[in-house]
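Produce the entire structure from the sequences given, and follow the hints as far as they go.
From first to last, the protein sequence lines stand for chains A and B.
Just so you know, we're using the numbering used here here: the first sequence kicks off at 1 and counts up by one.
Just so you know, we're using the numbering used here here: the second sequence kicks off at 1 and counts up by one.
Any given hint could turn out to be false.
[Claimed, not checked] No more than 20 Å apart at the CA atoms, straight line, and that leaves these computed lysine to any residue pairs for SDA-like:
1) K271/B to N36/A
2) K22/B to N244/B
3) K338/B to E350/B
4) K271/B to N5/A
5) K277/B to V40/A
Quick caveat, the hints were computed from the structure, so don't treat them as lab data.
Single-letter residue listing:
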Amino acid sequence: MIRVNGKRQFWYEGMTIKDLLEDLEDSHHYAVIRINNKHVSRPYFEKTLIPDNSEVFLISLIAGG
Amino acid sequence: MMTEYKIEAIKTFDYKKPVIDKGYANQTLLVDISNSDISIHPVTEKMKEVFIGGKGFDLWLLWNAVNGTTKWSDPDNAICIASGPMGGTPVYPGSGKSIVTTISPLTGSVIDSNVGGYFGPYLKFSGFDALQIRGKTQTDIVILIDGIDEKIQIFETSGLPDDSYALSSILTEHFAQGKPRNISVVSTGPGAKHTLMGCLNFTWYDLKRKRARYKQAGRGGIGSVFADKCIKAVVARWDRVSVNTNNPSDGIALKEIGKKHSREIVDLDPKQNEMAKIGTTHLVTIMNDFDLLPTHNFQYGQHPEAENVGQEVYRRIFDTGYDGCWMGCTVACSHGVKDFVPLTGPYRGEKVFVDGPEYETIAGCGSNLGVFDPHTVVEMNFYCDAYGLDTISVGTSIAFAMECFSMNLINETHTGGINLSFGNRSAALEIVHQMAQGEGFGHIVGRGVREMKSILARDYKADLNIMQDIGMEAKGLEFSEYMTKESLAQQGGYGLALKGPQHDEAWLIFLDMVHNFMPSFEQKAEALHWFPMFRTWFSLCGLCKLPWNDIIPEDNKDTQEPAKVMKHVEWYTQYYTAVTGRHTTPEGLIRMSEAVYNFQRIFNLKMGFGTREHDNIPYRAMGPVKPVEYESRHERYDKELVEKHHVDITDMSTEDKIRTLRKFRETLYEQLKDAVYKRRGWTTDGIPTIDTVTRLGIDFPEVLELLNAKLGDDQG
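Quick look at the structure:
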């Protein structure tokens, strides 16, 4: 089980960020995802595994600068 | 370190401080240091209506102080510092900014810088919406604006330390009368005196750590003007601050909206970028992932060692605790490093507190130099601040010198034996120490990229054409630290910025390149209208822009225009109305900025700039200059040539491809200029039309005279 933006979500072995986002209708908004304290950017969504019990935050990064 | 010093009052001016009314003191302070003349001037309703406050007031005062031939070091050049109507509100996050303007030694035109610390609010509460310092002296002086005892004083000083780190600490203690939180010091250091890229340090007192902390008005060499005038420091003294100190029009509404925004940040920042813990350091690895982190003088956007200077490292290095540069700000991103021990320079072996680093400093003094050691970045940060040097201009200038060295345009006979290879940490630090002393090759680097190009070509016969392509300056100002090769909108964000390539006007890389929100020229032009205008508005009001879009509402993505974070824009209209009593709308905020923005463009024109040719950027900002750059991203560039421009590249050499790509990209940039000028109501030469200035209410006689002389028959 993981938490995504504070809500509990089913987790399975081998789950990547790309897998997680495929279930969301608005996934195109998210350029950066935070897993616990680590930011992961879109180029790495496909190969980044989400560990069990992770706290995941979806960030539609539009700021900076 | 014990320092024996003398501070002797040479002028005391008593005054009666006014009651602050709806965010305004309704008067400004002029200090002419040539003859120690101090005077107070009213703020008219017209000034408030057209220029709002903050940067707007600064520009108006500066406009009236200088003429078209005034140079940065002339006595007539003024340094103007202002808060804004909302400046000094403790309940609303990010409300303590000061805005500084002067004629820049780097650009020759008007520069502005938005900085934290307590000075601007303390100045206003002492009775002045803006401070204008003119003239020059031959002896070191300190100016005190004492809102508690209602007096302005000018002191002659001797024996005070040169560096800003020790100086701000001593002056805080000297004027505190036992209450150091009542003091904010503006100062600079020896680097500002010996270079053209001096910054100003603005302090805020950290009660928990019991020390003066500081933020920087970095860009454009304002510190160098300050040092050239022989001003050691300007000190503001004020007492307690509450929501009511601004005497807002509707205090209840103000508290309500302020608490709402503060609470949202407290709730969402931990879920988003954790700025209250790691500041802007999260950007390092994110920029690196998207090929946007400048490395090796903006040649590349990525490096395998970038994580070494990223958030995970600084999370461990930063001292924990509250780090708000204004009272009660919940973004609280001004982190620092405690008990840092420099390995070089005058503080070698001593424990110091370092304010920073932020993203720009990490990228400028780290990755862009090929330096991926977090402690070297902290040491560069410390000495730049202590010496009064802008970390962005320092980083970009050293990066340029390093690339010239790597290309054999210069060698060790020119650098005084310093091996300026990329990644040479001790060489980078040595250059910074030389800049502070005005000695060695550091003296040349301290002139900035534009002048360095001329010096290297003239004295060392370095190839000027290649240096024009790789020297990352525009309008004379060094680029801040983002790669723009793949974002046409951000090329415009830099090239069309009024003061030069600083990202605070328009940071559109993610919206353009990552999210592809603006595929057409018209959409890019619209973004290059709306974003600079809205960002300008923060500097009119004494605000920080971070609360607007660095922490965003969870439902923002479901709104019609997520890029604008309209929920927060609405809150800002309510905030403005609650303080000033003037009703406004989101469109009203843009309209306020548009007047000041166009006025600043015309100010550039007055100083001999401000036309299309001055919006040019070096080709390195648009695409690959050297074969090694092209080849490192050849799939991207080949694809563009073939699929977008329909070029048969079968028998083309890399050099041919570079030349061909360059033609396309330079043409696109010119087309972007056309689209943006049209959207902004300017002529094809980038000059605001008579219709535009009339619509915006800035059709002052001097403005019309200037425009009529410049426009001639070309009315747009």
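Right, here's what the structure says about each hint:
Taking the CA atoms of K271/B and N36/A, the gap is near 9 Å; set against the 20 Å cutoff, the hint holds. A threshold of 20 Å between alpha carbons decides the hint, and for K22/B with N244/B the separation of about 10 Å falls inside it, so the pair holds. Distance check on the hinted pair: K338/B and E350/B sit about 12 Å apart at the alpha-carbon level, within 20 Å; holds. For the given pair, K271/B sits about 7 Å from N5/A by alpha-carbon distance, which is consistent with the 20 Å threshold.
Between the alpha carbons of K277/B and V40/A the distance comes to roughly 18 Å, so the proposed pair stays at or under 20 Å and holds.
Violation of the numbered hints given earlier is absent; every hint is satisfied by the structure.
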